[in-house]
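If you're matching them up, the sequences are chains A and B in order. Residue numbering for the first sequence follows the numbering used here, starting at 1 and increasing by one per position. Residue numbering for the second sequence follows the numbering used here, starting at 331 and increasing by one per position.
Take the hints with a grain of salt, since some may be wrong.
[What the hints assert, rightly or not] Pairwise CB distance ranges (calculated):
1. Asn422/B with Gly283/A: 55 to 61 Å
2. Ile342/B with Ser93/A: 54 to 60 Å
3. Gln200/A with Phe354/B: 57 to 63 Å
[To be verified] Some but not every residue of chain A turned toward chain B, in silico, with C-beta under 7 Å:
4. Arg81
5. Gly82
6. Leu130
7. Asn156
By construction, these hints were calculated from the structure, which means they are not laboratory data. Cβ coordinates follow ideal geometry from the N, Cα and C atoms, glycine included.
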Amino acid sequence: MNLSSWGKVLLLAAVLSITSIGSTHLYLTMTSRPKLVVATTTSLFDTGLLDEVEIQFEAKHNIDICFLSVGSGIAIARAQRGDADMILVHSPSTELEFLEGGYGVNRKIIAYNFFEIIGPASDPVEISGLPPIEALKKIASAGRNSQAEWVSRGDNSGTHSKEKTLWAAAGLNWTQIRDETNWFIETGSGMGNTLNTANQLEAYTLTDKGTFLAYTNAISDLLPNLAELIIQGPQLLNVYTTISTNPSPHPQANFEGATTFTEYLLSEEGQQLIGEFGKDKYGQNLFNPAANIIRTGEDTFIAQMIKGYAFFGDSECPPQYRFGHPELYD
Amino acid sequence: MKRNELLIIIFIVLFFSISLALIFSVEELREGFKRALWLIASGDPEIIGITTLSIYISGTATVLSLLWCIPIGVTLGLRDFAGRRFITAVFNALIGIPTVALGLVLYLFFSSSGPLGSFDLLLNPIGVSLGQAILITPILISLVANAVEAVDPSLKDLAETLGASEAEASLAILKESTSGVVLAIVAGFNRAIAELGVVQMIGQNLRWRTRVLTTAIAMERTSANFALSIALAIILLIIVLSISLTVNLLQRRLK
Chain A
1 MNLSSWGKVL LLAAVLSITS IGSTHLYLTM TSRPKLVVAT TTSLFDTGLL DEVEIQFEAK
61 HNIDICFLSV GSGIAIARAQ RGDADMILVH SPSTELEFLE GGYGVNRKII AYNFFEIIGP
121 ASDPVEISGL PPIEALKKIA SAGRNSQAEW VSRGDNSGTH SKEKTLWAAA GLNWTQIRDE
181 TNWFIETGSG MGNTLNTANQ LEAYTLTDKG TFLAYTNAIS DLLPNLAELI IQGPQLLNVY
241 TTISTNPSPH PQANFEGATT FTEYLLSEEG QQLIGEFGKD KYGQNLFNPA ANIIRTGEDT
301 FIAQMIKGYA FFGDSECPPQ YRFGHPELYD
Chain B
331 MKRNELLIII FIVLFFSISL ALIFSVEELR EGFKRALWLI ASGDPEIIGI TTLSIYISGT
391 ATVLSLLWCI PIGVTLGLRD FAGRRFITAV FNALIGIPTV ALGLVLYLFF SSSGPLGSFD
451 LLLNPIGVSL GQAILITPIL ISLVANAVEA VDPSLKDLAE TLGASEAEAS LAILKESTSG
511 VVLAIVAGFN RAIAELGVVQ MIGQNLRWRT RVLTTAIAME RTSANFALSI ALAIILLIIV
571 LSISLTVNLL QRRLK
């Protein structure tokens with residue numbers, strides 16, 4: 001047998017590839033627990049909350065959670081293609097489309113907090129403390145006179161769809177103002193990038209509370225030019241939900257794993273984890289647990305706000321979008 | 331000659347000191363550098379894990395791509411057939427393929443709803459290796475073909491006239507083109523380990539599974555953690571530079 005020398009090189013390459021790929025495959029199948037792919041909004045991931053949740057959850061359950069931190073819009077697109085077993089998002093209007101399309105089932109509200117409008121610490125437009133809609137009107141008119149700039153996510157994320165809703169409430173059409181490039185700047189990327197851009201330009205922007213705190217509490221304040229200007233108001237409500245991928249178009253999805261994780265997030269332990277997260281690091285919590293508010297059907301101001309904003313009809317998940325597991329809605 | 335060398339050395343020293351001065355004028359970079367060196371020196375398990383996985387995935391990709399790049403490259407370099415020039419031109423042009431474009435196409439193929447969905451390659455280190463192997467295919471084929479082509483064409487004939495068998499003649503050519511082939515392998519590996527598009531779209535930066543140097547650098551930047559980012563960037567630079575340097579030295583020795 002006289003192998004040519006090139007053949008020997010090839011044989012060596014083949015042996016190496018087969019051993020390498022084979023051992024990886026073996027390793028993955030032998031050691032790995034059932035995998036649960038969760039596509040999530042960047043705000044939950046970048047703050048570090050989900051790392052915490054993963055450690056606690058995996059200590060109890062034989063499930064390997066893989067988080068894809070991609071933003072609500074892309075998270076939903078991923079689940080539609082069957083590439084995620086469940087989503088963790090904050091964009092009610094897109095969530096409804098997702099349910100209506102038959103891609104997702106068993107929506108549950110897990111937490112809430114508030115978006116914030118932030119801007120240059122000197123606040124040249126004087127919006128501090130105003131109702132959010134008034135503030136946006138002022139920013140837009142100042143912007144058109146080249147006295148202020150606004151930075152927008154422009155990436156179809158939950159924060160971005162909130163921004164569009166707010167502009168609409170202020171009587172401005174987002175598709176129209178995004179072309180007014182002298183004051184309206186679109187980054188097309190995640191919250192962190194957008195905050196950096198706003199800081200550089202000393203511009204106004206909409207942010208979720210968690211990411212902003214994580215950036216200003218880093219080793220050195222990464223956003224020295226920016227300050228929180230409007231931190232509450234019913235229109236700034238931000239509600240986080242979970243939706244499982246519908247197993248009927250996507251039978252390969254890990255539906256039972258998704259249900260287990262949803263139940264964990266709604267459990268007393270999960271809710272406490274969410275509510276306590278950030279207190280040691282930032283001196284305040286970043287997210288408020290919402291499961292009890294929904295379960296008890298209490299009639300407080302915050303409960304009414306959540307229902308008005310994130311319910312579809314009179315339920316967080318109308319019966320036609322439920323699948324098995326009635327205990328989720330007891 | 332002497333003066334020229336002196337000038338070059340002065341230029342290099344100036345260049346590096348100015349770059350270093352610029353780097354250290356940025357506070358985050360300065361702080362990051364300190365913490366980075368400490369993290370590397372203390373052998374942080376996270377950093378070691380990410381680095382090993384990076385080398386493993388891109389190394390597998392390189393070996394894998396050799397399986398088809400050597401036969402194709404050698405054929406293109408040795409034989410003359412209709413369309414050879416055209417095929418070579420296509421591979422040359424594909425060297426610059428944007429990694430994100432390839433990543434997107436592969437994502438759609440590997441996705442559960444895509445044609446290769448049942449192989450479960452998404453979020454899988456094997457899938458990333460496969461993607462990187464495809465990414466570096468054009469560069470490997472072009473460089474291998476060039477290396478083989480550059481060998482004096484009369485060598486094979488000469489060897490055969492001198493009574494060498496076909497296999498022995500082939501061996502002679504392989505020896506002559508070794509340095510070119512090694513260069514191809516290094517270039518391929520370096521491109522694979524330094525790319526972000528494919529590994530981001532297919533691997534999605536899953537911890538201990540597909541989190542490699544480039545995706546970790548990108549992630550730590552968005553989550554405002556510069557020190558780890560810089561530490562990983564330093565490691566990536568060291569890997570790429572040291573491999574290139576070693577190969578360069580080895581080649582000089584061989585010659």
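Status of each hint after checking the structure:
1. Separation of Asn422/B from Gly283/A is about 58 Å and conforms to the stated range, judged on CB atoms against 55 to 61 Å.
2. For the hinted restraint 54 to 60 Å between Ile342/B and Ser93/A, the CB-CB distance of approximately 58 Å keeps it satisfied.
3. Remark: the range hint 57 to 63 Å for Gln200/A to Phe354/B is contradicted by a beta-carbon distance near 21 Å.
4. Of the supplied interface hints, the one on Arg81/A holds, with its beta-carbon coming within about 5 Å of a beta-carbon of chain B, less than 7 Å.
5. At a threshold of 7 Å, the smallest CB-CB gap from Gly82/A to chain B is about 4 Å, leaving the interface hint in force.
6. The beta carbon of Leu130/A comes no nearer than 29 Å to any beta carbon in chain B, farther than 7 Å, and the hint placing it at the interface is violated.
7. Because the closest C-beta pair between Asn156/A and chain B is about 16 Å apart, greater than 7 Å, the hint is violated.
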